[in-house]
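Trainee: Single-letter residue listing:
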Amino acid sequence: MTKAKPKENRWRQAALYAGIDWNSLDGEKVAVALDRLEFLTEKLDVDAISQTEQASIFDAERFAK
Amino acid sequence: MTCITSLSVYEMSDMLESGKVSSVELTKDLIKVIEKKNQYYRAFLTLTFETAIEQATAADKRRSEGRRASPIDGIAVALKDAYDTKDIRTTVGSGLFNTRIPKYDSAVWEKLKDAGAVLLGKLECTEFCLGGPSFDAAYPYALNPHDTQRYTGGSSSGAGVALATGMCPAALGSDTGGSIRIPAAFCGVAGIKPTYGLVSLRGLFPLSGSLDHAGPMARTSRDCAMLLDVIAGYDKHQPTSSVRQINPIAPTLKENCKGLVIGYVTNFSTAEGVTHESRQACENALGVYSDLGAEIRNVSLPDLWEYTIANTVIMTAEAFAIHAERFRNNLGKISYLTRHRIALGAFIRAETYIKAQKARRKLTHITSEVMSANGLDLLCYPGMLGDPAKVDEITPYYYLDLPLITAPANLTGMPASSVRAGFSEAGMPMAFQLTGKLFDDGIVLNAAHAYETATPEYTRIVS
Chain A
1 MTKAKPKENR WRQAALYAGI DWNSLDGEKV AVALDRLEFL TEKLDVDAIS
51 QTEQASIFDA ERFAK
Chain B
1 MTCITSLSVY EMSDMLESGK VSSVELTKDL IKVIEKKNQY YRAFLTLTFE
51 TAIEQATAAD KRRSEGRRAS PIDGIAVALK DAYDTKDIRT TVGSGLFNTR
101 IPKYDSAVWE KLKDAGAVLL GKLECTEFCL GGPSFDAAYP YALNPHDTQR
151 YTGGSSSGAG VALATGMCPA ALGSDTGGSI RIPAAFCGVA GIKPTYGLVS
201 LRGLFPLSGS LDHAGPMART SRDCAMLLDV IAGYDKHQPT SSVRQINPIA
251 PTLKENCKGL VIGYVTNFST AEGVTHESRQ ACENALGVYS DLGAEIRNVS
301 LPDLWEYTIA NTVIMTAEAF AIHAERFRNN LGKISYLTRH RIALGAFIRA
351 ETYIKAQKAR RKLTHITSEV MSANGLDLLC YPGMLGDPAK VDEITPYYYL
401 DLPLITAPAN LTGMPASSVR AGFSEAGMPM AFQLTGKLFD DGIVLNAAHA
451 YETATPEYTR IVS
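If you read the protein sequences in the order shown, they are chains A and B.
Going by the working numbering, the first sequence opens with residue 1, and the numbers climb by one from there.
Going by the working numbering, the second sequence opens with residue 1, and the numbers climb by one from there.
Hint data in this document are derived by calculation from the structure and do not stem from the laboratory.
Given the structure is predicted, the values throughout are model-derived calculations rather than measurements.
We put the CB at the ideal spot given by N, CA and C, even for glycine.
Among the hints, a few may not be true.
[To be verified] Chain B stretches covered by chain A per the calculated footprint, using a threshold of three residues with CB under 8 Å from any CB of chain A:
1. 324-334
2. 354-365
3. 378-388
4. 441-448
Please model the complete structure; the sequences and the hints are all you need to start from.
Mentor: If you want it as structure tokens, here you go:
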């Protein structure tokens, strides 16, 4: 029996939580892609944006009668 | 002698107006081209010839009575198969939707129909507008007529192919990360992703609601302007539709660029993966703009990777939210590439999604500031990194290896055109992009039109 690599195992657990059938995916490729996505996302620089800035896309004006 | 089916929408409209040709004649000629070429290039998924002839007949009647509904009355169009069409199958490229027959028309088709357009059929799109080109897809992917071994670009791939081969003069695509501009660039035609909210998304099957854009594709930017004039407009039934709208563009197009200030985005042009040829094509285009009276200024924007990753995170998370139940219950029935790409969304945490949205606002603000501070009307940068990849070399996550040069306009909502710019050494079409300020779609299309008029040698229909 092939033992899953540690990182792959982490994503396999996440898939279980999300209700996704990991066995229908090419697990190794998905794990590499998720690691890459995580690495790239860390590079996004939003430090200059205030912690108090709201991220909501809700636009009350649209619903005002 | 130029074949009538290879004319532009503008030229066809002129011939219809003057009575040199009827819509029925035009439509029948296009049907013949489709019957000859579609079996090979696979641009159309569903054909609606009977409806087309009925609509063309009605258009001819209106014209004979002196009441053409619009400049595109009697012109044949085709829709990406992600636009709902009442009583006509709409698959979004998925086998799961093989028998999906919408009860309502999409807003875009409503408007085109009211303007007198004639529907030739529904065009191939990659599964759920993301998955191409998958070998196990329910419908075979369209082939790039410039080199059938190379990718057409997606997801409006059928539209790019149908236009490039003369099967239709006008098409509607959609663009979430470049899905209008990429196939336009790789197939050598024109396309614009309009300002976010300018064209209603109602009835366009979503990939990512905050990044999706509906827009026209054609063989010229003037034709795109004629189509955009018809499909733009506020839609009170669609929450992302903008109250702010613009004046008709096509009647105001000029062939010079006097007074226009264009910013050459030097760091996009030298970004990771951009080939010398692609950069040179863009710089040659700037030379043409200089001759047309525009002023060129070099500018720099944030790293292209920042736009790319924010766009990818938002798109993937939103796509999974749309398809979550299908992914939980029918994962094995979704094609290999689509399955792997959208599945990533199941692993993106809310904090990461919010971070990407914050980055989006920051990048949009900086992009606008750079344009204002430098007195720019437009930004110009390469259309694609280089030639399209060979189809059999495309992996599920190739888009995480290199930045996506179409992403900035999706993320910022700014209007962006893909403009054909000659051919590479490999014989593939090349393109550059023009991006304008929000709601300056007219300035974008005017500059694209002026360039195309100055470089007619770059137009090519594949027989």
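Trainee: Against this structure, judge whether each hint is valid.
Mentor: These are the hints, each one checked on the structure:
no., hint, verdict
1, 324-334, "holds (count 5)"
2, 354-365, "holds (count 8)"
3, 378-388, "violated (count 0)"
4, 441-448, "violated (count 0)"
The structure fails hints 3 and 4 (numbered hints given earlier, in ascending order).
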